[in-house]
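Sequence lines, in order, name chains H and G.
Take 1 as the starting number for the first sequence in full-length UniProt numbering and just add one per residue.
Take 1 as the starting number for the second sequence in full-length UniProt numbering and just add one per residue.
Rather than coming from a laboratory, the hints here were simulated on the basis of the structure.
Do not take every clue at face value.
No copy is singled out in the list; a pair is fine if it fits within one copy or between any two copies.
Within a straight-line C-alpha distance of at most 20 Å, the following computed SDA-like cross-link-like pairs (lysine to any residue) qualify [claimed, not checked]:
#1 Lys295 with Gly133
#2 Lys100 with Pro235
#3 Lys102 with Arg343
#4 Lys102 with Gly154
#5 Lys100 with Leu89
#6 Lys100 with Ala111
#7 Lys279 with Arg106
#8 Lys100 with Arg115
#9 Lys279 with Asp45
#10 Lys102 with Val314
#11 Lys279 with Ile425
Protein chains: 2
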Amino acid sequence: MIRLDAGDAGFARAFTDLVDARREADEDVARDVTAIVARVRTEGDAALRDYTRRFDRFDLDTQGWKLDRADCLAAWEGLSPELRDALELAAERIAAYHAKQKPQDRDEIDAAGIRLGARWRAVDAAGVYVPGGRAAYPSSVLMNALPARAAGVGRLVMVTPTPDGEVNPLVLAAAHLAGVDEIWRVGGAQAIAALAYGTDSIAPVDVITGPGNAWVAEAKRQLYGVVGIDMVAGPSEIVVVADGRNDAGWIAADLLSQAEHDPTSQSILFTDDAAFADKVAEAVERALAALATEKTARASWEANGAIILVPDLVSAMPLVDRLAPEHLELACDNAEGLFDMVRHAGSVFIGRYTPEAVGDYVAGPNHVLPTGRRARFASGLSVLDFMKRTSFLSLDRDGLAAIGPAAVALAHAEGLPAHAESVAIRLREA
Amino acid sequence: MIRLDAGDAGFARAFTDLVDARREADEDVARDVTAIVARVRTEGDAALRDYTRRFDRFDLDTQGWKLDRADCLAAWEGLSPELRDALELAAERIAAYHAKQKPQDRDEIDAAGIRLGARWRAVDAAGVYVPGGRAAYPSSVLMNALPARAAGVGRLVMVTPTPDGEVNPLVLAAAHLAGVDEIWRVGGAQAIAALAYGTDSIAPVDVITGPGNAWVAEAKRQLYGVVGIDMVAGPSEIVVVADGRNDAGWIAADLLSQAEHDPTSQSILFTDDAAFADKVAEAVERALAALATEKTARASWEANGAIILVPDLVSAMPLVDRLAPEHLELACDNAEGLFDMVRHAGSVFIGRYTPEAVGDYVAGPNHVLPTGRRARFASGLSVLDFMKRTSFLSLDRDGLAAIGPAAVALAHAEGLPAHAESVAIRLREA
Numbered sequence: 001m002i003r004l005d006a007g008d009a010g011f012a013r014a015f016t017d018l019v020d021a022r023r024e025a026d027e028d029v030a031r032d033v034t035a036i037v038a039r040v041r042t043e044g045d046a047a048l049r050d051y052t053r054r055f056d057r058f059d060l061d062t063q064g065w066k067l068d069r070a071d072c073l074a075a076w077e078g079l080s081p082e083l084r085d086a087l088e089l090a091a092e093r094i095a096a097y098h099a100k101q102k103p104q105d106r107d108e109i110d111a112a113g114i115r116l117g118a119r120w121r122a123v124d125a126a127g128v129y130v131p132g133g134r135a136a137y138p139s140s141v142l143m144n145a146l147p148a149r150a151a152g153v154g155r156l157v158m159v160t161p162t163p164d165g166e167v168n169p170l171v172l173a174a175a176h177l178a179g180v181d182e183i184w185r186v187g188g189a190q191a192i193a194a195l196a197y198g199t200d201s202i203a204p205v206d207v208i209t210g211p212g213n214a215w216v217a218e219a220k221r222q223l224y225g226v227v228g229i230d231m232v233a234g235p236s237e238i239v240v241v242a243d244g245r246n247d248a249g250w251i252a253a254d255l256l257s258q259a260e261h262d263p264t265s266q267s268i269l270f271t272d273d274a275a276f277a278d279k280v281a282e283a284v285e286r287a288l289a290a291l292a293t294e295k296t297a298r299a300s301w302e303a304n305g306a307i308i309l310v311p312d313l314v315s316a317m318p319l320v321d322r323l324a325p326e327h328l329e330l331a332c333d334n335a336e337g338l339f340d341m342v343r344h345a346g347s348v349f350i351g352r353y354t355p356e357a358v359g360d361y362v363a364g365p366n367h368v369l370p371t372g373r374r375a376r377f378a379s380g381l382s383v384l385d386f387m388k389r390t391s392f393l394s395l396d397r398d399g400l401a402a403i404g405p406a407a408v409a410l411a412h413a414e415g416l417p418a419h420a421e422s423v424a425i426r427l428r429e430a
Numbered sequence: 001m002i003r004l005d006a007g008d009a010g011f012a013r014a015f016t017d018l019v020d021a022r023r024e025a026d027e028d029v030a031r032d033v034t035a036i037v038a039r040v041r042t043e044g045d046a047a048l049r050d051y052t053r054r055f056d057r058f059d060l061d062t063q064g065w066k067l068d069r070a071d072c073l074a075a076w077e078g079l080s081p082e083l084r085d086a087l088e089l090a091a092e093r094i095a096a097y098h099a100k101q102k103p104q105d106r107d108e109i110d111a112a113g114i115r116l117g118a119r120w121r122a123v124d125a126a127g128v129y130v131p132g133g134r135a136a137y138p139s140s141v142l143m144n145a146l147p148a149r150a151a152g153v154g155r156l157v158m159v160t161p162t163p164d165g166e167v168n169p170l171v172l173a174a175a176h177l178a179g180v181d182e183i184w185r186v187g188g189a190q191a192i193a194a195l196a197y198g199t200d201s202i203a204p205v206d207v208i209t210g211p212g213n214a215w216v217a218e219a220k221r222q223l224y225g226v227v228g229i230d231m232v233a234g235p236s237e238i239v240v241v242a243d244g245r246n247d248a249g250w251i252a253a254d255l256l257s258q259a260e261h262d263p264t265s266q267s268i269l270f271t272d273d274a275a276f277a278d279k280v281a282e283a284v285e286r287a288l289a290a291l292a293t294e295k296t297a298r299a300s301w302e303a304n305g306a307i308i309l310v311p312d313l314v315s316a317m318p319l320v321d322r323l324a325p326e327h328l329e330l331a332c333d334n335a336e337g338l339f340d341m342v343r344h345a346g347s348v349f350i351g352r353y354t355p356e357a358v359g360d361y362v363a364g365p366n367h368v369l370p371t372g373r374r375a376r377f378a379s380g381l382s383v384l385d386f387m388k389r390t391s392f393l394s395l396d397r398d399g400l401a402a403i404g405p406a407a408v409a410l411a412h413a414e415g416l417p418a419h420a421e422s423v424a425i426r427l428r429e430a
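With the rest of the complex left out, here is chain H:
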């Protein structure tokens, strides 16, 4: 953890270093992924069979390619009533929030009598990647599948590796709740390639979303354009802006909720109260010692954590914009006023009773958010990621007479005479 003081001489430089620091693992995976993708594209199922045996020690032919609805239902029924209720509350709230994201169609007639508009339609099929093992989160299944459902996607496919045959019942229960249509027991770059190009077994999809390791992320990046993808994701981060009137333990808990994800995660506190900064640092140490995920959280906090003292919280806001954080907590008086100043953040958690983790699970907005300063230009996952817009235009003879001559002039100026002629030939009729 580093501590910075905005009043120090070297602050501007130190803060720029913090903004520019790359936390992404520098694994040279691009070449591996290129080879895997090419082989799945040409060999299809045979490639999936081989990679799954090698990477997951799982034989698709003898142990099964798919998990079916009965598996998901059984997993759901095996959950405790408390967990079923929690997942149901989450699913209801997520579905309700995303249903309101559905865009409006347009169909207008303008002053020149020209009809124009745009119509939104869902993609035909979407694929959701769900990691195997520790990072397989049922909340991620809901956050990826329910927006696709809200969009009206007809066919919703899940791929997930089951290394050594191990299946995560929570993930299956969430798939049951979200109404996933197919679940294939494949993972890694090979699963992404199969979804993009299709194989004899797996029909291709149009959009692929969901978290994954570096190979999965690189495969999505390489196949962007063959299919739609949600985004390029990197390590997660939280920025907390807090005044001295918070319980230091609460703020420490919020910082650690991010740190426990991964050693590359980042937690940053801005405060205007030096004594409070000390208290939070101590509270983090105390909480770490009691945490089951201490090892990961400590590694993240020590390598990437930061506490930044600012003269007042308003002056923190331009710094926050430069970080463009995935998650931003405003735990202070006048949180509303500060929120109005925010230009770049994936999601903002306003007030002392809005810990970021409540948004990870049950609040409703999506927890798939732009990381690594991408909130400058990217948005969280939404219904729009599973839909596309078709613009349209309808002119009658009078409409073409009104605007056609300008098109003819511009087409000739651009050296495109056939463009000009396709308009002019109709104008000559009139």
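Following the hints, complete the assembly by docking chain G onto the known chain H.
Only chain G this time, still in chain H's reference frame:
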């Protein structure tokens, strides 16, 4: 040009070949682009200077890095009144159409007393790529810059190569009209890298749009995630669905308006009238002979053109959806009814008086559209490409008491105790 008949035995196979045909040039540009991007990232201006001298035979230091507002104004004033009027009509209509794309913010309080919503903001800076030479179209400047302006982008940057110092006055005039803030005389992958990473001279941007050659497209693809990009673009295409009651010359003109773009462009006609199909084929030949762009248009039509006979136009619509064309013209009776059936198309041109070219220039909707079957999942360029959404959440003590326990249960189930504690520590207070 190939002719297919949906009634023939081999049709399904032949049509699948048409759908799957790759028209994209198989240039091995990825490695070149990787090297160029890496060098611009580390060497900045020095790399731009060197590449521009090599590729554009242009010395940035002695001949100038930028074109300024006075250059643009002079170009504007040098246009004929007819062209000025045409560009102004285009700009007005494009601006009006895109202004209505601005998304609504959300700010709601739900039944549990929880406040949630989403807020849209423009990106800080956008870069528009404009090709040099023959393919430098003022219409593209308007179609890329005006949506950024409508979004409220603060800084709008154009990059365009000026090989041998040659500047296209139409492009500068369009930049004047669109209010572009900076124009840099650089192009190719090096210009894209400069916009993404910034150099000493050129400040970085958040989103890069605009057409370019294979190097430019590959650079955008590689830098997707460092910046936002519009899309992965390929060769352009049109599908025309026409009955026998059209003038064959009109439909031939529409097919050629696409073919003249590039030899890799594709024009496809579906009709239910075999005699009309013959007439269109003859009309294309006649029109080609008189066309200044004959060489390109003929190469495209011969290599990629198709006329497909269907028993009735309704049965063409599922085939159209498989092609998911960039442009779709419906020149027939009941065009409205057919339009209702369309699931996948970039833009649809309804009725006999709506040639696609009118949409390229002056109608209002964007002419930057998904190509190569990407309309299955992608949309045309819009104001949304220059904006991003920040979701937000605000809970009070009661709201957290209502939904917090479910978050605690799910966090524990996922093995994330610090997530659980950040909620539980607040619930204990109550």
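Outcome of the hint check:
In this homomeric assembly, lysine 295 and glycine 133 come within 20 Å of each other (Cα to Cα) only inside a single copy, at 18 Å, whereas the closest approach across copies is 58 Å. Taking identical chains as interchangeable, the C-alpha atoms of lysine 100 and proline 235 are never at most 20 Å apart, the minima being 29 Å within one chain and 36 Å between chains. Taking the closest pair of Cα atoms, lysine 102 and arginine 343 come within 20 Å of each other only across two copies (17 Å); inside a single copy the shortest separation is 24 Å, beyond that limit. For the homomeric pair lysine 102 and glycine 154, the shortest alpha-carbon distance inside one copy (16 Å) is at most 20 Å, but the shortest distance between copies (28 Å) is not.
In this homomeric assembly, lysine 100 and leucine 89 come within 20 Å of each other (Cα to Cα) only inside a single copy, at 17 Å, whereas the closest approach across copies is 36 Å. In this assembly of identical chains, the alpha carbons of lysine 100 and alanine 111 lie at most 20 Å apart only when taken from different copies (15 Å versus 31 Å within one copy). For the homomeric pair lysine 279 and arginine 106, neither the shortest alpha-carbon distance inside one copy (54 Å) nor that between copies (37 Å) is at most 20 Å. Only between protomers do lysine 100 and arginine 115 lie at most 20 Å apart by alpha-carbon distance; the minimum there is 14 Å, versus 27 Å within a single protomer.
Proximity of lysine 279 and aspartate 45 under a CA criterion of 20 Å is satisfied in neither setting, with 57 Å inside one chain copy and 47 Å between copies. For a Cα distance limit of 20 Å, the shortest separation of lysine 102 from valine 314 qualifies neither inside one copy, at 35 Å, nor across copies, at 29 Å. In this homomeric assembly, lysine 279 and isoleucine 425 come within 20 Å of each other (Cα to Cα) only across copies, at 16 Å, whereas the closest approach inside a single copy is 78 Å.
Of the numbered hints given earlier, the model fails hints 2, 7, 9, 10; all others are met.
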